[in-house]
Amino acid sequence: MILLLVMAFTGVTLYEVPSLIRKKCWRELFVFAFLLLVAFIPSLLLTLGIDLPTWSRVIEYVFKDLLRMSYK
Amino acid sequence: MKNRVRLLKLTIICVLIISSTTGCWNRRELDNLAIVTGIAIDKIKDSGKTQLTVQIVKPAELKREGGGGTGKAYVNNTNTGDTIFGSIRGFTHKFSQKLYFQHNQILIFSLDIAKEGVQKYIDFFLRDPETRLTVLVLVAKDKAGEILDVEPQLQKIPAMDITNILEAQSATSQSSQVKLEQFLTRLMSKTTAPIAPLIEISGEGSEKVALISGMAVFKKDKLAGQLNAIETRGLLWVIGEVKSGIIDVDSPDGNGKVSLEIVRASSKITPEIKDGKIHIKVKITEEGNLGSQSSLENYALPRAVESLEKMKAAAIRSEVLAVLKKARKLNTDIFGFGDSVYKKYPKLWQELETRWDEIFPQIEVEVAVEAKLRRLGRITEPANPEKE
Amino acid sequence: MIGFILKKLRFWQMLKFNPKKEDYTTKLPQSEISHDLGKNLKILKDIMGTSRDIIFREFAFGHRGQVKGAIIFIDGLTDKSTINQSIIKPLMFDSRLTGPEEKLDNDYIDLIKTTMLYAGDVEQVTSINDIVDGCLSGDTILFINGCKDALLISTEGWESRGVEDAKTDAVVRGPREGFSESLRTNTALLRRKIKSTEFTLETMVIGKRTKTSVCIAYLKGLANPSLIEEVRRRLERINTDAILESGYIEQFIEDAPFSLFSTVANSEKPDVVAAKLLEGRAAILVDGTPFVLTVPMLFIESFQSAEDYYSRPYFASLIRTLRFLAFVISVLNPAMYVAVSTFHQELIPTPLLFTQAAAHEGIPFPAVVQALIMGVFFEILREAGVRLPRPVGQAVSIVGALVIGEAAVSAGVIEAPMVIMVAITAVSSFVIPAQTDVGAILRIIYLILAGTMGGFGILLGLIGTLIHLASLRSFGTPYFSPLAPLTARDLKDVFIRAPIWAMSTRPRTIDLKGSQRQKSNLKPDPPSDE
Amino acid sequence: MQIEKGQISSSQLVLLIVGFIQGSTLTVTFSYGVTRHDTWLVVLTGLAISIPFALVYIALVQKFPGKNLVQINDLIYGPYLGKLFSAFYLLFFLSLSAANLRYLGDFILTYVLPETPMIAVLIMFTFVCSWAVRSGIEVIARCNIIFVVVTTVIVGSTFVLLLQDMKLTNFLPVFVTPLKDFIHGTHVMAAIPFGETAVFLMVMPYLNKIKHAKSSFMLGLLIGAITLLTVTFRDIAVLGNTITIISQPSFEAVRLINIAKIITRLEIFVAVVLLVTFFIKISLFYYATLLGTAHLFSLRSYGPLILPMGILIISFTILIADSTMEQVSSASNIWPFYTIPGEFLLPSLTLLVAKIRGLPENQGGKFR
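Residue numbers (the working numbering), protein chains in the order written: chain A, 1 to 72; chain B, 1 to 388; chain C, 1 to 530; chain D, 1 to 368.
If you are wondering where the hints come from, they were derived from the structure by calculation, not from laboratory data.
Be careful, since some hints might not be right.
[What the hints assert, rightly or not] Calculated lysine-lysine pairs in the DSS-like style (CA-CA distance at most 25 Å, straight line):
id, chain 1, residue 1, chain 2, residue 2
1, D, K167, B, K344
2, B, K283, D, K167
3, B, K310, B, K220
4, B, K344, D, K180
5, B, K45, B, K190
6, C, K211, C, K42
7, B, K179, D, K355
8, B, K325, B, K310
9, B, K268, D, K167
10, D, K211, D, K5
11, B, K220, B, K190
12, B, K156, B, K72
13, C, K193, C, K220
14, D, K167, B, K220
15, D, K167, B, K281
16, A, K24, D, K5
17, D, K167, D, K5
18, D, K167, B, K179
19, B, K190, D, K180
20, D, K211, B, K347
21, B, K243, D, K167
22, C, K45, C, K80
23, D, K180, A, K64
24, B, K190, D, K167
25, B, K141, B, K120
Kindly generate the complete structure, drawing on both the sequences and the hints.
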């Protein structure tokens, strides 16, 4: 499963990076790498089966527990 | 242009990967399906377990023409479990195929189950994505599983036969088809009592036939009583579900019977509150034709028609009164009077709701019937030898 | 995986690899004609080779037969009687009647051109290249000793097919003539339809070795100048050695070479091409093929037949709608069948499900495999039917369709409903000839999608196709217009065909001005009886 | 610097908004649970509440013609605070696209492909969306026309086919929902279908005639609301009191269609509608997120970011909730508040600050 994930990310990198380097779009490359990293971490953790706090719980914490804004 | 080439490459790769990895999770070839057409739910007295009977079609037998093969076109199988879902899962040990409920036609509860309360048994049929709300709900007068065993006389599959019987029966307005959705609507309503047709087996041995006999009436989700054919039609008059049928009345001159055919009917329930008391007005409008007569009276006259109409109205009224009496006795609001009050007086309802069981038997119901005779058929007068 | 990608990359490099930088516009070494006849003939013999069909005829003429001359032509490409009657005869016979030649120079050849030759199209040339080109396309060359110019006399005349019925786009009502292989005939056919000075032909020669004449035809003032400019630009870009059919041109000028959909339309019928020219399109005629290209092409053009406009609007609209339906059936039918019978059995009415389950009983293959087998088998049959001589082709289709289909069902290899589905699909796919090939490929793609993800897959495929169609352009015109982007005014010729008198403007999608083609109050208004 | 080169016409904008709102027929479910048979009223009040905010969006776009939200933020709040707000918006759009994708995934897994892993469905769907996004807003707008027509036809015909199953008494008694629940329902309605049109702050700048923005937006909102109303009306009239427990009322209602035993089992059409309208909705969020990111980092194009962003959306979708229950309860109870800053507060604040600072005159007002 992890292999598949890594392969997918390698695939995306191989697909986009060469043309970016060829066109010398360094800024784009940087943002690309950043986004890919941001996407990689949660998906890796998910594949490894590590429980992450779900987004619903995050906003529940912020809005319900901190701001006391919630129906029910 | 460059992008497009790359997109094409990507598409090809993606399609290849997807088609190779998805591995067709959901694919079920037709021969891997056990197509369920009927389900019957019984309760085993001793253990308290649920017994589920499913009727599965054997398509190959269904299509086999002419002689050869004494096989039935269906197979009935039973399984027991603590819950419905549990007993369904049990079938995986017995069949190579997976039960497939999308084409299920009927759902029969045994009398025990109905008395116990159907709520916990119905849940699976509402929750499972494969089941449909258009399933017809029935209550067996005894064991439910046996109903599915009755070999139909004209058709090959009992469950399909029962749906046809139900449909034919509704034509006489002696019983009504109740879809799971209608059952659920009544069950979820504030006061309206669910109803379902009753089915029983009559005859012995190879003469056995499944028969619809009246309706079962529920209080909440428990069986409260039964309506016979006349009461059933009375109920259908009130809720405006009468589609067609025959009304027999005595001929006005007293020399025979007249059969009147119902062509269309409608009803209107208007609740009113008079001096703090609920007063319900049921107005039934019916139109019909002359079906046949055994007397020699000539109805091709306005006055005769009028008297006939009056007798018809009285007949309808008596049917309605019969069911009203039964409903009061069982204290079940099968007509939806409670809902109509709620819809008209939502504010008042708050306090009525808690006392509805006490209020309902005391409700004053005014039944107004307007029956019309429209046509006489192919002949105008009875064939009377004395006339010529 | 990596190996696969590397292999792919190598493949792409191979495509880009150019073995030898060959200049496809090389000039011949010596380009000027000399005074000396013998020298000229020698050069020409070197260039043209010693083929038996190249005729070098030397002769003498003039006042006392003092002038030496030679004509060169290719036997078979030229009309011999024209050469005899209009070139040799006047020179050898009439020239005796003239006075003695004073000087053999360019004035003399001018004299011959203006006074003697009976030929209609005579051109005075100086370069060897022009001579060779002219000779190869059927002209006759006249050299005169001592003159630095030569005459190129048009004597083209070879056996060619006459104007015959068009094989494709057959109609019941409407002109039957189709284009032929000869460019001149084709332009003449168009010219006969559009007798207007606006009708413009621009000729260019493409292909180093084939020297194929290619014509851009359009109506000046109607066609968008930028469109014509774009067509010209794309044609001039072509630098190849051979153009044998308009299909070559099509592949060189397409907008989206990797798309399944062709963005260049073709037709064999002069009336269709004329109608398209009159809507503001440009046509590209290629010598040697009866298929004329028209650009820009819209997706809906494939669904419009010439006969739609000749028959009355009700029937035309009905047929138009049926054609759309047929296209949908031909593309989606097998996929839908597979999706419904293996994923969404809940959608089949109960009695039909029993029938179908009974039919499937005992069949070893899943539905998707059956559909693929039958689909491929059908394509093979079709190909065999097209390529074989007609009587044999018919035998093949009977054997294929009836015998094999029936046998496959009774042998329990294929279920009977599948045969019905494939047959319906096959018939439907012939309704829209222009998209038959696209349909065949799309069908397989959808089949695979349906086999893996059922209806969800089909729908995703449809969305994808729609995105692709909406993003395609043909010579600047959105390919899927007037549906997307929606041009409400042009919808009168999509699913329904409005009466001719109601279509008073040209399609906006092509003729950007949406100009008037007729008065707008042309609805027939017969006088009432009173 | 303009990344998006395409332009959309005002009629395309109308239909985009219509399609976008039609995409919420699935999410009306959250209101059914709260306001029951009064939900059709809630659609109207939700629309009424969102109109002033729609006017705010339009005013913003017209004040800064040709500038999208990220650029406007930069102009108004300066480079740092503006970037912060923009980043918040991007996260917001990202979470909205993930949430919508999640609803869709749940729907497909419940009804269409119950045994398929969610991730496969999400990857396929996101792939198609990324294809659309790569082709640009023009292509999305063009495809949308077809989808809106399909949706409208299907909604209309199922409405007609269900006429015989409708009971108008199901609407009685009108307006019995307690006020608190009614406000709750209205809030859900205003936040989820209507308020999400805030995403058009990223799309409207590419309107070819910015003057028509107001009428187009309002017309789109109105037609979208009418579709929503039709669907709600149909579901309530058909299903009555059972609507509160059914998780997909549209689907169940259409499942009941039975005309002479021939026209039955039409639920696939509802699935088609949901899929195509969700495609539009998710593509627009996806597009807005990408375009915003590209503007935030002032890139030349968003092309290279499509795939990483797609993967991010997919992982976000899986991360958004552990179960459908969590997702649904969060969507109906907390989500309305979650959307307040992005959909209502910030645009109004931005407009206010712009008014106070008198911005468009001295900076970029004439820049087109």
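Here is what the structure says about each hint:
Proposed proximity of K167 of chain D and K344 of chain B is supported: the alpha carbons are some 15 Å apart, at most 25 Å. Distance check on the hinted pair: K283 of chain B and K167 of chain D sit about 18 Å apart at the alpha-carbon level, within 25 Å; holds. Annotation: proposed proximity of K310 of chain B to K220 of chain B is violated, straight-line Cα distance about 37 Å (limit 25 Å). For the hint linking K344 of chain B to K180 of chain D, the alpha-carbon distance of about 23 Å falls within 25 Å, and the restraint holds.
Restraint check for K45 of chain B and K190 of chain B: not satisfied, since their Cα atoms lie roughly 32 Å apart, outside the 25 Å limit. In summary, the hint linking K211 of chain C to K42 of chain C is supported, as the alpha carbons are separated by about 24 Å, within the 25 Å threshold. Taking the CA atoms of K179 of chain B and K355 of chain D, the gap is about 61 Å. The hint is violated against a cut of 25 Å. Distance hint between K325 of chain B and K310 of chain B is fulfilled; the C-alpha atoms sit about 22 Å from each other, no more than 25 Å.
Under the criterion of a C-alpha separation no larger than 25 Å, the hint pairing K268 of chain B with K167 of chain D is consistent with the structure, at around 13 Å. For the suggested pair K211 of chain D and K5 of chain D, the alpha carbons sit about 19 Å apart, so the restraint of at most 25 Å is met. Under the criterion of a C-alpha separation no larger than 25 Å, the hint pairing K220 of chain B with K190 of chain B is consistent with the structure, at around 9 Å. Taken as a hint, the K156 of chain B and K72 of chain B pair is honoured in the structure, with Cα atoms around 7 Å apart against an allowance of 25 Å.
Restraint check: the Cα-Cα separation between K193 of chain C and K220 of chain C comes to about 16 Å, which is no more than 25 Å; the hinted pair holds. Distance hint between K167 of chain D and K220 of chain B is fulfilled; the C-alpha atoms sit about 22 Å from each other, no more than 25 Å. For the given pair, K167 of chain D sits about 20 Å from K281 of chain B by alpha-carbon distance, which is consistent with the 25 Å threshold. For a cut-off of 25 Å, the pair hint linking K24 of chain A to K5 of chain D stands: about 22 Å separates their Cα positions.
For the hint linking K167 of chain D to K5 of chain D, the alpha-carbon distance of about 51 Å lies beyond 25 Å, and the restraint is violated. As the CA atoms of K167 of chain D and K179 of chain B are separated by approximately 16 Å, the hinted pair is consistent with the 25 Å bound. Only pairs whose Cα atoms come within 25 Å are accepted, and K190 of chain B paired with K180 of chain D is accepted, the gap being roughly 22 Å. A C-alpha spacing of about 50 Å is found between K211 of chain D and K347 of chain B, which places the hinted pair above 25 Å, so the restraint is violated.
This hinted pair checks out: K243 of chain B and K167 of chain D have alpha carbons roughly 17 Å apart, not beyond 25 Å. Distance hint between K45 of chain C and K80 of chain C is fulfilled; the C-alpha atoms sit about 21 Å from each other, no more than 25 Å. Distance restraint check for K180 of chain D and K64 of chain A: the Cα-Cα separation of roughly 17 Å lies within the 25 Å cut-off, and the hinted pair is therefore satisfied. Taking the CA atoms of K190 of chain B and K167 of chain D, the gap is about 17 Å. The hint holds against a cut of 25 Å.
For the given pair, K141 of chain B sits about 20 Å from K120 of chain B by alpha-carbon distance, which is consistent with the 25 Å threshold.
The structure fails to meet hints 3, 5, 7, 17, 20 from the earlier list, while all remaining hints are met.
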